[in-house]
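Protein chains in written order, with the numbering used here: chain C, 12 to 322; chain P, 31 to 284.
The hints are simulated quantities; they were obtained by calculation from the structure and are not laboratory data. Yeah, the Cβ is synthetic: ideal placement off N, Cα and C, and Gly gets one too. Hints should not be assumed to be uniformly reliable.
What the hints assert, rightly or not - From the structure, some residues in chain C lie toward chain P, with a derived Cβ separation under 10 Å:
no.: 1; residue: Lys65
no.: 2; residue: Gln93
no.: 3; residue: Leu97
no.: 4; residue: Met137
no.: 5; residue: Gly139
no.: 6; residue: Leu298
no.: 7; residue: Ser300
no.: 8; residue: Val301
no.: 9; residue: His304
To be verified - Cut-off 25 Å, straight-line C-alpha distance, at most; resulting in silico cross-link-like pairs (PhoX-like, lysine-lysine):
no.: 10; chain 1: C; residue 1: Lys153; chain 2: P; residue 2: Lys106
no.: 11; chain 1: C; residue 1: Lys31; chain 2: C; residue 2: Lys75
no.: 12; chain 1: C; residue 1: Lys187; chain 2: C; residue 2: Lys153
no.: 13; chain 1: P; residue 1: Lys224; chain 2: C; residue 2: Lys150
no.: 14; chain 1: P; residue 1: Lys212; chain 2: P; residue 2: Lys224
no.: 15; chain 1: C; residue 1: Lys150; chain 2: C; residue 2: Lys187
no.: 16; chain 1: P; residue 1: Lys106; chain 2: P; residue 2: Lys49
no.: 17; chain 1: P; residue 1: Lys212; chain 2: C; residue 2: Lys150
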Amino acid sequence: MDAICTESLTKTFRSSWPGKPPVTVVRDLNLTVNREEVFGFLGPNGSGKTTTMKMLLGLAQPTKGTVRLLGRPTSEVNVRQQIGFLPEAPYFYTYLTAEEVLLFYGRLAGLSGQSLNRRVEEMLEMVGLMEARRRQLGKFSKGMLQRVGLAQALIHDPTLVILDEPMSGLDPIGRKEVRDLIMRLRRQGKTVFFSTHIIPDVETLCDRVGIIAGGRLLACGRVDELVEGRTRTVDVVCDGLHERNLAPLNGLASSIVQQNRQHLITLSHPERLEELLAAIKARGGKLVSVTPHKGSLEELFFSSIQVEAKA
Amino acid sequence: MRSIVVIAFNTFRENLRDKILYNLLIFAGLLMGASILIGALTIDEQDKIIADMGLASINLIGVIIAIFVGIGLVSKEIERRTIYTILAKPISRSQFILGKYVGLAITLAVNLVIMFAVFVFTLWMTQVTITMVLVQAAALMMVEFLVVTATALFFSTFSTPTLSAALTLGLYLIGHLTSDLKALAEKSSSEVTKAVMTALYYLCPNLELLNVKGQAVSGVPLDWSYQFSATLYGLLYASLLLAGAATIFQRRDF
């Protein structure tokens with residue numbers, strides 16, 4: 012059973028002004044998140060990440076398509092017993108203290124008595140707010156509110172944790188703490204689905220990643236699988252080529268640099284490697300090394316967005 | 031049920047920590063003080079004026095709280111985005127609506143009890159006779175608050191706070207003039223006016239049914255069967271509005 016499964020998930024907002032065209036922010040999203048994996052939902056601002064998350068949680072109704080969380084439709088209230096959610100830049104009742112807010116969310120999640128009190132203590136300890144437990148949230152910094160947000164999302168020990176931009180607005184220490192927390196959740200066997208536009212976070216934390224732009228899922232899979240086969244450039248080092256023989260190679264190579272007796276030829280079109288190697292051999296050159304340079308997730312991300320923008 | 035209680039308790043706590051409520055209580059005290067003062071300046075009618083001013087103050091403050099806190103019950107949660115984390119927990123939208131409503135209803139009841147206690151104390155201090163009909167009038171006021179709160183909540187599920195306040199206030203005023211609507215329908219020669227007025231008469235709550243302040247001030251006993259049927263009417267009307275609010279809220283996107 013998948014942790015998250017969407018089929019043709021689409022969200023279109025109709026304008027209240029007559030004549031203004033409707034805007035589709037999520038289009039035919041088919042997404043599967045496996046259990047016990049950390050999944051990064053990567054996309055630029057306004058790409059449809061938050062709307063997708065809202066549809067996952069039933070906060071927004073899909074115009075088309077279906078959502079299943081842990082094998083059950085999102086409309087089932089009880090499925091949320093196993094789901095923890097942290098919205099982007101979370102807001103809470105400012106008149107409550109950190110302890111009160113966790114008691115409130117814990118009760119909403121069905122906890123009570125000693126187990127609730129114990130869990131509140133654990134969460135306050137985990138997010139480092141034990142000292143500030145009796146302070147009203149109105150006096151909390153943004154980073155502290157984010158910690159409260161994480162604590163309320165995890166208060167009922169959910170199986171699936173959905174985090175919308177969990178690192179947003181945090182300082183480096185705060186970001187590291189959130190990263191550590193996600194790693195800890197993974198070790199505990201939880202499924203973590205988080206949205207971000209920070210690529211290194213995805214590379215560090217995620218088993219799999221989905222790239223969304225313009226409301227479309229442009230790529231989805233393991234980070235290494237996605238960048239595999241996306242060889243960007245190939246460096247070919249060869250020996251024994253004369254200057255006069257280099258001219259025909261210029262059409263193939265993006266640059267040719269001489270280093271002592273050797274030449275470093277950079278090929279920007281890896282599919283023409285065979286052609287280049289044959290040309291080197293034909294001109295009496297001796298192959299020393301061939302080094303392919305793989306593309307990074309960042310390059311994949313930008314190229315996907317560019318393709319989407321052109322489309 | 032448990033989720034409703036959790037939301038209700040939190041709403042009540044929010045209202046308690048909201049300084050506006052305390053200010054309104056002070057306002058009630060001042061108004062009652064003024065009623066004594068006005069009563070002292072009049073001859074013969076002192077008892078009636080004190081009782082009248084007291085009940086009117088309690089009613090006015092309750093209605094103000096019901097409207098202006100009622101319209102914010104849901105809209106504030108959406109505006110502050112606190113609704114995201116709440117509805118992500120195992121709670122249905124109708125439970126949320128009902129919890130918010132019950133929370134404000136408790137606040138209104140507590141306010142009413144406190145104001146009524148101050149009112150009775152004022153009567154006792156000025157040696158005005160305290161009758162059962164005063165309690166009955168206060169109880170019907172509470173029913174009116176419940177109807178007004180449900181109205182404010184209903185409008186706030188699909189309109190802006192300002193518009194919700196205007197609509198609720200409008201319905202409250204019409205609710206006290208429904209007998210005039212009926213009379214207008216009967217007297218009007220235009221079929222359209224007749225139809226509109228008749229429709230309004232049946233659609234709008236008849237809040238005058240819940241207004242027995244005049245009778246209470248005069249000390250005329252109120253029949254318990256009337257008390258019961260008026261309460262039932264108010265509660266039914268509020269329930270219908272709440273059902274409507276829950277239905278609309280169910281379809282909303284956040």
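Hints that the structure is at odds with (numbers, increasing)
4, 5, 6, 7, 8, 9, 13, 17
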